[in-house]
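Colleague: Residue numbers (my numbering), protein chains in the order written: chain V, 5 to 347; chain P, 9 to 337.
In case anyone wonders, no lab produced these hints; they're calculated from the structure.
A quick note: this is a predicted structure, and the numbers were derived from the prediction, not measured.
Wrong hints could be hidden among the right ones.
Cross-link-like lysine-lysine pairs, in silico, DSS-like; alpha carbons within 30 Å at most [what the hints assert, rightly or not]:
hint, chain 1, residue 1, chain 2, residue 2
1, V, 184, P, 202
2, P, 161, V, 183
3, P, 148, P, 161
So the derived label-pair ranges between C-beta atoms look like this [unchecked claim]:
hint, chain 1, residue 1, chain 2, residue 2, range
4, P, 331, V, 260, 53 to 61 Å
5, V, 233, P, 40, 55 to 63 Å
6, P, 187, V, 44, 30 to 38 Å
7, P, 257, V, 347, 19 to 27 Å
Which residues of chain V face chain P? A partial, calculated answer using Cβ under 8 Å [claimed, not checked]:
hint, residue
8, 7
9, 10
10, 12
11, 19
12, 30
13, 183
14, 184
15, 187
16, 188
17, 191
18, 194
19, 234
20, 236
Just so you know, even glycine gets a beta-carbon here, dropped at the ideal spot from N, CA and C.
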Amino acid sequence: MSRMSESSLFQLTAVRFLLFVREPEAIFWIFVFPILLAVGLGIAFRNRPPDVLPVGATTPQLTQALSAENGLRAATLDQAAGTHALAVGDILLLAIQNSAGVEYKYDDTNPDARIARLLADRAVQAAAGRRDAVRAENELVHETGSRYIDFVVPGLLGMNLMGSAMWGLGFSIVEARQKKLLKRMVASPMPRWQYLAAYILSRLAMLAIEVVVFLGFAWLVFGVPFRGSLWQLGFLCILTSLAFSALGLLVASRAKTMEAVSGLMNLVMLPMWILSGVFFSASRFPALLQPAVRALPLTAAIDTMRGNMLQGTSLAQMAAPLAILAAWLIVPFAVSLRIFRWR
Amino acid sequence: MNAAVTQISPTPRPAPDSAPSLRLRGLRKAYADVVAVDGLDLEVARGECFGLLGPNGAGKTTTIEICEGLTAPDAGSVELLGLTWQTGAKELRQRIGIQLQETQFPEKLKVVEVLRLFRSFFRRGIAMEEAIRIAQLEEKRNARVGSLSGGQKQRLAMACALVSDPELLFLDEPTTGLDPQARRHLWDLVDGLKQAGRTIILTTHYMEEAERLCDRVAILDHGKIIALGTPQQLIASVGGEHIVEFAVSGHVSGDGHVDTGALTAIPGVQSHRVDASIHQLSVSELHIAVPRIIAALGEQGLHLSELRTHSASLDDVFVRLTGRNLRDE
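Work the whole structure out from these sequences, hints included.
Modeller: So, in structure tokens, the structure goes:
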């Protein structure tokens, strides 16, 4: 054995790594699950050809006029049947012929129905002889980086880094405490900081694998863009993982049972799953909540990762969320070192 | 089995100086509602195998954990190998070996991996293979902890305490929960360690274990030492080297009451007590006393329903001192 492999820090780190690798469930949740989730979301939110919107009309003439529009699929219905079809969502709009002209019946809070209203009216007016005053041409673009999958991949990355760091630290620390292993460790000459440092070091080793596998998959299969510096993205992943490791350490610093630590973990993570913009933009929450939402570590992590990957923003332009992440690294770490229960 | 363990050759130690391996003075520790250790004074000489004996809750584990520097006493002083935890903690951690009562090593680690980890904490010590051999885990060296039997796990814990070749070894209830065979196996192991000249301090609530292993024992009850000496001295203190137990059923005449005065008047009978309608007499000359005891009971019109004798043990010492049975605790 070389000198390095005999050192206690190396041994502690190696043991952490071995214990992780020998836990098949952990491998699944950390490596396989995020990929499955990305695939599922990629399929569900794939970019489809523009929808053809179903509409109804009360006369055959009106139906014919509407059918001339490519974006609509029209059927002839009497007013009662049409109103019912509208109510159950079979059609988005009912065009009713009356003595004065045409009346459109639709739900104006449904965006698709509003589009149907515009298309239907255009078709009806065109059939009646209206001509465009200005000639217009369309050039269609399908930009990568603006798709849902591009948006959600940095979100999933952040969520995954949070989960693996917190579960990884929290569970194994509490398990060691429960099984009196922590007590046995401090009864030996092992420096205590090395025990905690080993968690961080093994976490970083796993992080490298985790991030490369997940982002590599997103890049190869979905062509998710990487517009910013990869080094800076790597730095963001490390900072995020360290911040959540510190939080995991804090959550695990006193808990004596697995039940207690699971409850605390969920209490800490659940608000972030909802509020931090993993699946939809965090800016959708009311302005009143925004300061709190912005202060969450996962919001800061995901914002900076989206900035890097989708907009190519450099670290220097994201000082505020970086400062938030750094604070989430330093404060929980300092507090947990003070209150950590070794037995 | 014994032959293997006696080969342990400890590395040369500093010449024994006058300081004892362990010196406790006025040790006290109270938890919220109980006084766990109540004014303990104790000295353990170098090379001695010393047993802290007592029922569960007597304060054994609290005492040994204060010695191990894991629990701070409320009052009193602890000195190990001439050092204290306040000033010499780092040095002490290197020089003592500790086995805790209920350490569970990670189930998915292999035996060698656990030992390699613990070996890495110490500046000096024995080779890992040596520790595996002492603990007789050669065949299990690549087995995962989760697949070991209770006795093997305990021997692994022992090996972890030995990797540093410690001068002073603490074993907290090393055989609790083991089957008789695994227990004897562990005793052989401790025998080997004693012969290598280590100081060993162990706790147990098995009196026979203390008799078998320890040069000296302290019997603890409610945080106090109630007896201290070699097992032989303590057993002799009961007064007789034999215990006669009997029970009476029904009565031919009289009120069925046993006249204890008549029994203790018999030459060789030292004392009498009753526990759960079993009468116990400590007796020095069995062959003379027993016929007379039977005769005396007959004279009182009592019918013997049970009679048995055994050699006095530390159990009887405990019963004598506390009036309680150790096994009832």
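Colleague: Next, verify each hint and record whether it holds.
Modeller: Now the hints, each set against the structure:
{"no.": "1", "hint": "184/V / 202/P", "result": "27 Å, holds"}
{"no.": "2", "hint": "161/P / 183/V", "result": "13 Å, holds"}
{"no.": "3", "hint": "148/P / 161/P", "result": "10 Å, holds"}
{"no.": "4", "hint": "331/P / 260/V: 53 to 61 Å", "result": "37 Å, violated"}
{"no.": "5", "hint": "233/V / 40/P: 55 to 63 Å", "result": "57 Å, holds"}
{"no.": "6", "hint": "187/P / 44/V: 30 to 38 Å", "result": "52 Å, violated"}
{"no.": "7", "hint": "257/P / 347/V: 19 to 27 Å", "result": "53 Å, violated"}
{"no.": "8", "hint": "7", "result": "11 Å, violated"}
{"no.": "9", "hint": "10", "result": "6 Å, holds"}
{"no.": "10", "hint": "12", "result": "4 Å, holds"}
{"no.": "11", "hint": "19", "result": "5 Å, holds"}
{"no.": "12", "hint": "30", "result": "11 Å, violated"}
{"no.": "13", "hint": "183", "result": "4 Å, holds"}
{"no.": "14", "hint": "184", "result": "5 Å, holds"}
{"no.": "15", "hint": "187", "result": "6 Å, holds"}
{"no.": "16", "hint": "188", "result": "4 Å, holds"}
{"no.": "17", "hint": "191", "result": "5 Å, holds"}
{"no.": "18", "hint": "194", "result": "4 Å, holds"}
{"no.": "19", "hint": "234", "result": "35 Å, violated"}
{"no.": "20", "hint": "236", "result": "36 Å, violated"}
When each numbered hint is compared with the structure, violations occur for hints 4, 6, 7, 8, 12, 19 and 20.
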